[in-house]
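Asks: What follows is each chain in one-letter form.
There are 2 protein chains.
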Amino acid sequence: MTNLKNLRLLKNFTSFLLILICTLSIAQAQSSHSTEDAKTIDKIYDQMFIDGRCYQWLEYLSLQIGHRLSGSTGAEKAVAWTKSVLDTLHLDSVWLQPCMVPHWVRGAKEEVRLIGNKKGGNIDLPALALGGSVATPGEGLPQAGIVAGVVEVKEWSELEKLGEKGIKGKVVFYNRPMDPTFIRTFNAYGKAVDQRVHGASRAAKYGAAAVLVRSMTLAMDDFPHTGTLIYDPEQPRIPAAAISTLAAEKLSAALQENPKHQLYMKLNCEMLDDKPSFNVIGEIRGSEHPESIIIIGGHLDSWDVGHGAHDDGAGCVQSMDVLRILKAVGYKPKNTIRCVMFMNEENGSRGGKQYAEEATRKNEKHLFALESDAGGFTPRGFTFEADSTVFSGFFEKVRDLEPLFEPYGLTIARGGSGADIGPLRSTKALLSGYSPDSQRYFDYHHTANDTFDKVNKRELEMGAASMAALVYLIDKYGL
Amino acid sequence: MTNLKNLRLLKNFTSFLLILICTLSIAQAQSSHSTEDAKTIDKIYDQMFIDGRCYQWLEYLSLQIGHRLSGSTGAEKAVAWTKSVLDTLHLDSVWLQPCMVPHWVRGAKEEVRLIGNKKGGNIDLPALALGGSVATPGEGLPQAGIVAGVVEVKEWSELEKLGEKGIKGKVVFYNRPMDPTFIRTFNAYGKAVDQRVHGASRAAKYGAAAVLVRSMTLAMDDFPHTGTLIYDPEQPRIPAAAISTLAAEKLSAALQENPKHQLYMKLNCEMLDDKPSFNVIGEIRGSEHPESIIIIGGHLDSWDVGHGAHDDGAGCVQSMDVLRILKAVGYKPKNTIRCVMFMNEENGSRGGKQYAEEATRKNEKHLFALESDAGGFTPRGFTFEADSTVFSGFFEKVRDLEPLFEPYGLTIARGGSGADIGPLRSTKALLSGYSPDSQRYFDYHHTANDTFDKVNKRELEMGAASMAALVYLIDKYGL
Numbered sequence: 007m008t009n010l011k012n013l014r015l016l017k018n019f020t021s022f023l024l025i026l027i028c029t030l031s032i033a034q035a036q037s038s039h040s041t042e043d044a045k046t047i048d049k050i051y052d053q054m055f056i057d058g059r060c061y062q063w064l065e066y067l068s069l070q071i072g073h074r075l076s077g078s079t080g081a082e083k084a085v086a087w088t089k090s091v092l093d094t095l096h097l098d099s100v101w102l103q104p105c106m107v108p109h110w111v112r113g114a115k116e117e118v119r120l121i122g123n124k125k126g127g128n129i130d131l132p133a134l135a136l137g138g139s140v141a142t143p144g145e146g147l148p149q150a151g152i153v154a155g156v157v158e159v160k161e162w163s164e165l166e167k168l169g170e171k172g173i174k175g176k177v178v179f180y181n182r183p184m185d186p187t188f189i190r191t192f193n194a195y196g197k198a199v200d201q202r203v204h205g206a207s208r209a210a211k212y213g214a215a216a217v218l219v220r221s222m223t224l225a226m227d228d229f230p231h232t233g234t235l236i237y238d239p240e241q242p243r244i245p246a247a248a249i250s251t252l253a254a255e256k257l258s259a260a261l262q263e264n265p266k267h268q269l270y271m272k273l274n275c276e277m278l279d280d281k282p283s284f285n286v287i288g289e290i291r292g293s294e295h296p297e298s299i300i301i302i303g304g305h306l307d308s309w310d311v312g313h314g315a316h317d318d319g320a321g322c323v324q325s326m327d328v329l330r331i332l333k334a335v336g337y338k339p340k341n342t343i344r345c346v347m348f349m350n351e352e353n354g355s356r357g358g359k360q361y362a363e364e365a366t367r368k369n370e371k372h373l374f375a376l377e378s379d380a381g382g383f384t385p386r387g388f389t390f391e392a393d394s395t396v397f398s399g400f401f402e403k404v405r406d407l408e409p410l411f412e413p414y415g416l417t418i419a420r421g422g423s424g425a426d427i428g429p430l431r432s433t434k435a436l437l438s439g440y441s442p443d444s445q446r447y448f449d450y451h452h453t454a455n456d457t458f459d460k461v462n463k464r465e466l467e468m469g470a471a472s473m474a475a476l477v478y479l480i481d482k483y484g485l
Numbered sequence: 007m008t009n010l011k012n013l014r015l016l017k018n019f020t021s022f023l024l025i026l027i028c029t030l031s032i033a034q035a036q037s038s039h040s041t042e043d044a045k046t047i048d049k050i051y052d053q054m055f056i057d058g059r060c061y062q063w064l065e066y067l068s069l070q071i072g073h074r075l076s077g078s079t080g081a082e083k084a085v086a087w088t089k090s091v092l093d094t095l096h097l098d099s100v101w102l103q104p105c106m107v108p109h110w111v112r113g114a115k116e117e118v119r120l121i122g123n124k125k126g127g128n129i130d131l132p133a134l135a136l137g138g139s140v141a142t143p144g145e146g147l148p149q150a151g152i153v154a155g156v157v158e159v160k161e162w163s164e165l166e167k168l169g170e171k172g173i174k175g176k177v178v179f180y181n182r183p184m185d186p187t188f189i190r191t192f193n194a195y196g197k198a199v200d201q202r203v204h205g206a207s208r209a210a211k212y213g214a215a216a217v218l219v220r221s222m223t224l225a226m227d228d229f230p231h232t233g234t235l236i237y238d239p240e241q242p243r244i245p246a247a248a249i250s251t252l253a254a255e256k257l258s259a260a261l262q263e264n265p266k267h268q269l270y271m272k273l274n275c276e277m278l279d280d281k282p283s284f285n286v287i288g289e290i291r292g293s294e295h296p297e298s299i300i301i302i303g304g305h306l307d308s309w310d311v312g313h314g315a316h317d318d319g320a321g322c323v324q325s326m327d328v329l330r331i332l333k334a335v336g337y338k339p340k341n342t343i344r345c346v347m348f349m350n351e352e353n354g355s356r357g358g359k360q361y362a363e364e365a366t367r368k369n370e371k372h373l374f375a376l377e378s379d380a381g382g383f384t385p386r387g388f389t390f391e392a393d394s395t396v397f398s399g400f401f402e403k404v405r406d407l408e409p410l411f412e413p414y415g416l417t418i419a420r421g422g423s424g425a426d427i428g429p430l431r432s433t434k435a436l437l438s439g440y441s442p443d444s445q446r447y448f449d450y451h452h453t454a455n456d457t458f459d460k461v462n463k464r465e466l467e468m469g470a471a472s473m474a475a476l477v478y479l480i481d482k483y484g485l
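Residue numbers (the numbering used here), protein chains in the order written: chain A, 7 to 485; chain B, 7 to 485.
It is possible that some hints are incorrect.
Chain copies aren't distinguished; within one or between two, either way the pair holds.
Cross-link-like lysine to aspartate or glutamate pairs, in silico, EDC-like; alpha carbons within 20 Å at most [said to hold, decoys possible]:
| hint | residue 1 | residue 2 |
| --- | --- | --- |
| 1 | Lys434 | Asp52 |
| 2 | Lys460 | Asp227 |
| 3 | Lys197 | Asp48 |
| 4 | Lys197 | Asp52 |
| 5 | Lys333 | Asp406 |
| 6 | Lys49 | Asp185 |
| 7 | Lys460 | Asp228 |
| 8 | Lys434 | Glu370 |
| 9 | Lys174 | Asp52 |
| 10 | Lys340 | Glu294 |
| 11 | Lys333 | Glu42 |
| 12 | Lys434 | Glu117 |
| 13 | Lys197 | Glu289 |
| 14 | Lys482 | Glu240 |
| 15 | Lys45 | Asp185 |
| 16 | Lys338 | Glu294 |
| 17 | Lys359 | Glu166 |
| 18 | Lys89 | Glu408 |
| 19 | Lys340 | Glu166 |
Derived from the structure by calculation, the hints contain no laboratory data.
Owing to the predicted nature of the structure, the values given are computational and were not obtained by experimental measurement.
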């Protein structure tokens with residue numbers, strides 16, 4: 007630091023002032039958020055570590071019910087079971103909020119196969135149809151499915167360059183990997199998922215027969231990752247599937263060797279009529295401002311593979327445990343606190359929309375909404391958003407809480423909240439996303455590998471405890 | 007916050023001053039640690055995510071070599087392989103530093119069995135002899151092993167209360183669980199591990215025939231956790247084993263039901279003569295102060311079960327990758343930078359002692375030592391310690407670096423470093439422990455379950471990158 011010696015005096019003076027002000031600031035924080043708060047938070051964590059229920063609930067949801075796509079029997083069972091658990095918690099009310107949900111079914115296992123050239127036989131590529139995809143044509147007939155050439159693209163611009171001439175009748179293979187250099191993996195997902203969401207229709211515009219998408223993960227393995235697609239109503243609906251990252255590498259290498267390689271692809275999925283389903287809600291009525299509502303939630307539906315353990319069984323059981331634990335530590339909330347297990351986040355967000363619509367219709371006042379939908383990993387903090395007319399004031403208040411979260415390794419930051427609570431933005435509530443460590447999330451997300459054994463008990467419990475601590479503080483101090 | 011309105015004015019003024027000072031302070035931090043530093047750290051992370059080697063190295067060490075207790079063939083192979091990897095990194099020197107190590111062998115699989123009463127048959131309790139334990143008497147004879155009553159204790163004070171009358175000829179069963187309410191699991195370990203380390207001799211004092219210890223973990227499962235014990239030279243050496251937490255619960259329940267339950271216990275372990283082994287060292291020679299040395303390290307030995315993947319294969323491959331990556335990003339260190347893969351941390355720390363002895367004998371100047379021996383999990387920060395005559399000055403300087411680590415979620419704190427570098431304290435070097443997320447560590451620690459598949463590639467790589475970033479900054483700015 008030799009080049010900096012001329013700054014030493016300023017630095018020492020600045021340091022002195024900084025320490026002085028920090029001391030003042032801490033003293034002030036301690037007065038506004040008392041040692042009683044620190045003690046209550048400690049009690050919440052202790053209770054969760056010693057007597058938390060979320061892990062055993064997740065075990066049941068994962069192993070006894072399993073995956074639960076909207077409209078499925080699993081989803082029906084999950085609704086009934088969740089309500090039955092809430093019924094044991096001595097809450098003030100527990101109810102089901104009806105909503106209609108899409109009903110998409112995968113059908114028989116999909117087949118995607120690279121047709122061998124002279125050198126070798128066919129190569130099966132582990133695949134999952136994307137949620138909402140149509141089947142390949144001729145479904146049900148013998149020998150049904152597509153046989154077509156493949157064209158690999160990494161950037162959208164390549165589609166236009168290839169044009170109808172290069173694409174018509176072919177399978178477009180989107181192979182732009184998630185960027186591993188983002189520290190928060192959700193940012194990498196955000197930059198790559200457009201291929202999965204919009205790839206089918208953008209390729210259909212040029213006459214593609216179908217699309218394959220490299221799985222949205224940073225892991226190199228043989229688990230395909232499903233997820234929703236959105237069809238542009240102006241384009242024909244073509245079949246779409248994700249293949250595993252290892253399969254994507256294999257396919258890319260095969261096309262390098264022989265660009266005329268052909269692919270066999272058969273999807274058996276189908277969109278049926280909408281079905282009735284429910285959000286599941288439990289409530290502790292506020293002792294001072296019962297009309298003012300705080301919600302915590304996750305989504306009860308999952309994709310139709312694995313257990314939906316991290317996505318989003320974790321968020322549901324954590325939200326339920328927040329209500330339990332507030333009662334267990336003897337805290338009487340001033341505001342009404344609800345946990346909401348939303349239906350249909352994965353392929354329609356109908357539950358979230360329904361909840362917000364009813365809230366608006368009934369003129370309910372929502373103070374704060376917190377969603378856990380980023381997995382049951384070690385908590386790292388919370389991110390906050392709100393309508394721009396109210397955000398600054400809210401955020402200043404929650405930032406004041408940060409010192410209380412420091413012993414638990416949690417930070418307070420601006421950022422997104424959750425798909426289910428997003429529609430509450432118009433009610434001018436403060437919205438927050440629970441933010442656990444993100445490194446492993448996309449190893450499991452939307453795969454057969456998102457199973458109960460991938461969830462660590464303590465990590466899950468710490469998430470629930472940190473959510474309970476935040477809800478406690480916001481309830482106590484208001485916004 | 008209605009009760010706080012009278013503080014509002016002070017608060018606003020304080021906030022204003024705080025922002026002002028923070029701005030000054032950030033400006034000053036940015037001048038002392040330039041945007042060039044931020045860019046270099048970014049480059050280090052990017053390079054690690056895109057082209058890191060530590061994960062593939064750990065795969066080899068885990069799957070091709072496996073566990074490697076001091077004195078074993080695995081340890082020999084690990085030394086040779088580690089040197090061969092360092093030889094590919096174009097370092098300035100690579101060498102083996104000889105040291106003698108203890109050579110303890112487990113022998114045939116241990117047996118611990120609760121002898122059934124009229125109601126049921128015998129119950130096998132999953133067990134591992136503690137490292138260094140003697141065998142049960144009569145080893146090799148037919149029907150060898152101990153059959154004895156069991157006395158359960160949770161606190162040391164109970165031993166004295168029971169006295170020789172209650173203990174003599176029995177197996178003392180230490181069943182004080184790790185306290186789950188510590189956020190950092192190492193603290194819970196620290197409060198419980200005395201049972202494993204000192205339990206045998208303290209029970210031998212009252213004539214115990216053997217001891218069993220509840221495994222040092224917060225997980226409830228059937229993996230016994232081994233680990234070292236220390237025999238008090240004044241007491242007879244009695245056999246000692248750990249049983250799984252589920253077995254501990256079972257045994258405790260059985261004793262509740264019938265305190266006269268007997269146990270069969272057979273350990274076949276043996277301490278052989280010391281064997282020669284090595285620390286493995288690689289070095290980049292400093293361009294400005296070659297006589298000034300920075301080391302990063304982990305320990306190459308592991309317990310004789312599982313792969314020793316987290317403990318401490320992770321620390322070794324990370325340390326090796328730090329040297330590789332500093333070269334890969336084109337950084338030329340001012341000081342000499344060594345990675346040291348220490349031998350025998352688990353049952354003797356001979357490698358660490360040998361390294362420090364040689365450093366002292368050769369009058370080497372060690373500036374900084376960093377150890378990674380807390381698993382290959384998501385990095386959370388670094389802890390620092392040093393001889394009290396030098397610590398404050400050092401710590402002030404490293405704390406100045408914290409803003410550069412914030413984007414990576416890392417904190418700088420006072421705390422322990424590592425068992426291998428601990429002996430360097432007397433050289434007045436700054437010592438640091440790499441501190442990853444601790445929640446899962448004791449699920450795997452010293453068990454057959456500490457295998458390669460438990461390590462996440464990104465978490466491991468982020469650890470190596472954060473270590474490289476710290477070494478880069480300390481090398482560049484000195485202490």
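Asks: Now look at each hint and say whether the structure bears it out.
Replies: Structure-based check of all given hints:
1. Lys434 x Asp52: So Lys434 and Asp52 fail the 20 Å test inside a copy (34 Å) and across (39 Å) alike.
2. Lys460 x Asp227: both (16 Å within a copy, 15 Å between copies)
3. Lys197 x Asp48: Between copies only: 19 Å across, 38 Å inside.
4. Lys197 x Asp52: Classified as between: cross-chain Cα gap 17 Å, same-chain 39 Å, threshold 20 Å.
5. Lys333 x Asp406: neither (25 Å within a copy, 43 Å between copies)
6. Lys49 x Asp185: Classified as between; 14 Å across copies, 40 Å inside a copy.
7. Lys460 x Asp228: both (17 Å within a copy, 17 Å between copies)
8. Lys434 x Glu370: within (11 Å within a copy, 64 Å between copies)
9. Lys174 x Asp52: neither (61 Å within a copy, 38 Å between copies)
10. Lys340 x Glu294: Close inside one copy (5 Å), not across copies (64 Å); limit 20 Å.
11. Lys333 x Glu42: within (17 Å within a copy, 51 Å between copies)
12. Lys434 x Glu117: neither (47 Å within a copy, 64 Å between copies)
13. Lys197 x Glu289: For Lys197 and Glu289, neither the intra-copy (38 Å) nor the inter-copy (40 Å) Cα distance is at most 20 Å.
14. Lys482 x Glu240: neither (51 Å within a copy, 59 Å between copies)
15. Lys45 x Asp185: between (42 Å within a copy, 18 Å between copies)
16. Lys338 x Glu294: within (10 Å within a copy, 64 Å between copies)
17. Lys359 x Glu166: Result: close neither inside a copy nor across copies, 36 Å intra and 66 Å inter.
18. Lys89 x Glu408: neither (34 Å within a copy, 47 Å between copies)
19. Lys340 x Glu166: neither (58 Å within a copy, 52 Å between copies)
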